[in-house]
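Undergrad: What follows is each chain in one-letter form.
Protein chains: 2
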Amino acid sequence: MHPFTANTAESVSSLGELRLIAAIRRWLGAASPKSPFGIGDDCAVLPPSRHSQLLTVDPVVYGEHFDDAVPPRAVAAKLLKRNLSDIAAMGGHPRAAVIALALAPTVNRRWLEQFYRGLAAIARTYKVPIAGGDITSQRDGLTATLTLVGESRGPRFLTRTGAKTGDWIYVTGALGGSILGHHHRFTPRLAEGTWLAGRPEVRSLMDVSDGLAKDLHALTPQNAVPSLCDSAIPISAAARTLAKRDGRTALAHALTDGEDFELLFSVGVRADRNKFESAWRRRFATRLTCIGRFTRTLDPDALNLFDFHGYEHLR
Amino acid sequence: MHPFTANTAESVSSLGELRLIAAIRRWLGAASPKSPFGIGDDCAVLPPSRHSQLLTVDPVVYGEHFDDAVPPRAVAAKLLKRNLSDIAAMGGHPRAAVIALALAPTVNRRWLEQFYRGLAAIARTYKVPIAGGDITSQRDGLTATLTLVGESRGPRFLTRTGAKTGDWIYVTGALGGSILGHHHRFTPRLAEGTWLAGRPEVRSLMDVSDGLAKDLHALTPQNAVPSLCDSAIPISAAARTLAKRDGRTALAHALTDGEDFELLFSVGVRADRNKFESAWRRRFATRLTCIGRFTRTLDPDALNLFDFHGYEHLR
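If you're matching them up, the sequences are chains A and B in order. In case it helps, the working numbering puts the first sequence at residues 1 to 315. In case it helps, the working numbering puts the second sequence at residues 1 to 315.
Okay, chain A solo, but in the shape it has when bound:
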């Protein structure tokens, strides 16, 4: 569905601001609590909490993160879930979201309705109240920016730093080929993230959003390199499909395609890996793979990540 319309009567500009805001509150329904805990005041209010608060922001932009082929409900799902993935990447769980929309006057009301109904559905699924927002005109296009507040579940949250030379490198799920549908159908690894934050053998955590080859650098300790076993990299079926189409290898897709939204983390060198992996399997059906370790120099038979490049945002 095309987000824009040449027919003024079908566009958001024909609604006017007050009626549009009233419509949005109707579309969001129970996903948006009453003010002061939801839409309707100068700020949304979150009750006090004794845990560390987590804050992340990510947009979806027409022509960049979605196009006419992605249904508006899927655009909304992607917007909320990519922020949820950032909360999962710290081992946290979500508290509330606010959304700012900048939209051309030609945006189709029906597109916007489906977008908000999709947002409401996914917000209910993950129990994230849509607590506020803003709507503004812009000349062209459609940019939706969502900010998510989360918090750590216990006293501990995980960051990208903490891995040491010798640590094992793990990744969830399978990688690559996200463009074929995973980029809006993925499940943010929230339960896995909070579980990892409670395991002392896990030393660092992040999500894979720009491709493993690019993102893994952020987890790599100083004076170390990631030595990956190429046969261990979990390659998605979509990456293999893409490889058949374009002649690149499935491995290259797995390492460099963006928007996997899987968790990438390190486990201390002295950890009991069998015990850790058994505990994971008792708790989750999610695939878990040890793909290598951080070493002082690159193992002679390891994969050289410098041969691959991840997703570049500003082209």
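Honestly, I wouldn't trust all of these hints.
Heads up, the list lumps identical chains together, so a pair's fine if it works in one copy or across two of them.
Said to hold, decoys possible - When the alpha-carbon atoms are kept at most 25 Å apart in a straight line, the in silico SDA-like pairs for lysine to any residue are as follows: (1) Lys275 to Pro47; (2) Lys164 to Val269; (3) Lys34 to Gly162; (4) Lys275 to Pro33; (5) Lys34 to Lys127; (6) Lys127 to Pro48; (7) Lys34 to Lys164; (8) Lys127 to Ser49; (9) Lys34 to Leu18; (10) Lys127 to Phe306.
Treat the hints as calculated values from the structure; they're not laboratory data. This structure is a prediction, so every number in the text was calculated from the model and none was measured.
Use these hints to put chain B onto chain A, whose structure you have.
TA: Just chain B now, kept in the frame of chain A:
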């Protein structure tokens, strides 16, 4: 300064993502703390707090909130301060901000540098760490969306609801003509807001951002109307200047021009107004005006707000 350039060498696209992010961290300097309390991880972390948390989001969009006549530093100041005004409007104070930028590849690097240096300066002034953000390409234009987390100073925060029939209506500062410069030079009323939250006679609070005539409806109790004394409305010098130019009255400008960013609040009917106003004057130099009260029916000699319309966002 024009935000865009036809010269590719001067544009953000020539920098590439990693160098641009490194440049932004340099431009922000001390305004952006180290991760996990600032930029550099999947989320920014805020330490636990025993107060209610406040959450607000507002963008600035090229062609809508600023144009070539507004210096980039002023655009950044406006972006942060309009969010600060929302925090002030609940009687809170700010904790941390995240900023999402969606920008055309043709955005001028020098414009962006001045924007971030301006943001850093105003963030230091108001002691708001810039804790994270996101940068994305979009086909055209420039949209900067800032989300601000704040908190109540004490156990109490104020909302738009709470006024009762008979209550007095107060406004800070002088209104109208913001377009002549106040829209980016204003001072968010943070100290005033937290002080008001500590005064039991104050029953409701908001900021005036779309013009008093439009915004006052949100403060008006059910089954009441605002009876305003037209000679009491504080009219800014800029509103008088505009009136001379365009033939509308200065009062019309004061009531309907957007972006005053002043505080509007109600004081209980049984409060000692003299005591309240004296306490204000001992504490603040900011002008304070009682402009009327909420009555059951419109006083015969009161101003009829229905004759005026505030700023409409979606045209």
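Undergrad: Now look at each hint and say whether the structure bears it out.
TA: Now for the hints, and whether the structure bears them out:
no.: 1; hint: Lys275 to Pro47; result: neither (38 Å within a copy, 33 Å between copies)
no.: 2; hint: Lys164 to Val269; result: within (8 Å within a copy, 65 Å between copies)
no.: 3; hint: Lys34 to Gly162; result: between (41 Å within a copy, 15 Å between copies)
no.: 4; hint: Lys275 to Pro33; result: neither (43 Å within a copy, 38 Å between copies)
no.: 5; hint: Lys34 to Lys127; result: within (15 Å within a copy, 31 Å between copies)
no.: 6; hint: Lys127 to Pro48; result: both (18 Å within a copy, 21 Å between copies)
no.: 7; hint: Lys34 to Lys164; result: between (47 Å within a copy, 20 Å between copies)
no.: 8; hint: Lys127 to Ser49; result: both (17 Å within a copy, 22 Å between copies)
no.: 9; hint: Lys34 to Leu18; result: within (17 Å within a copy, 41 Å between copies)
no.: 10; hint: Lys127 to Phe306; result: neither (40 Å within a copy, 41 Å between copies)
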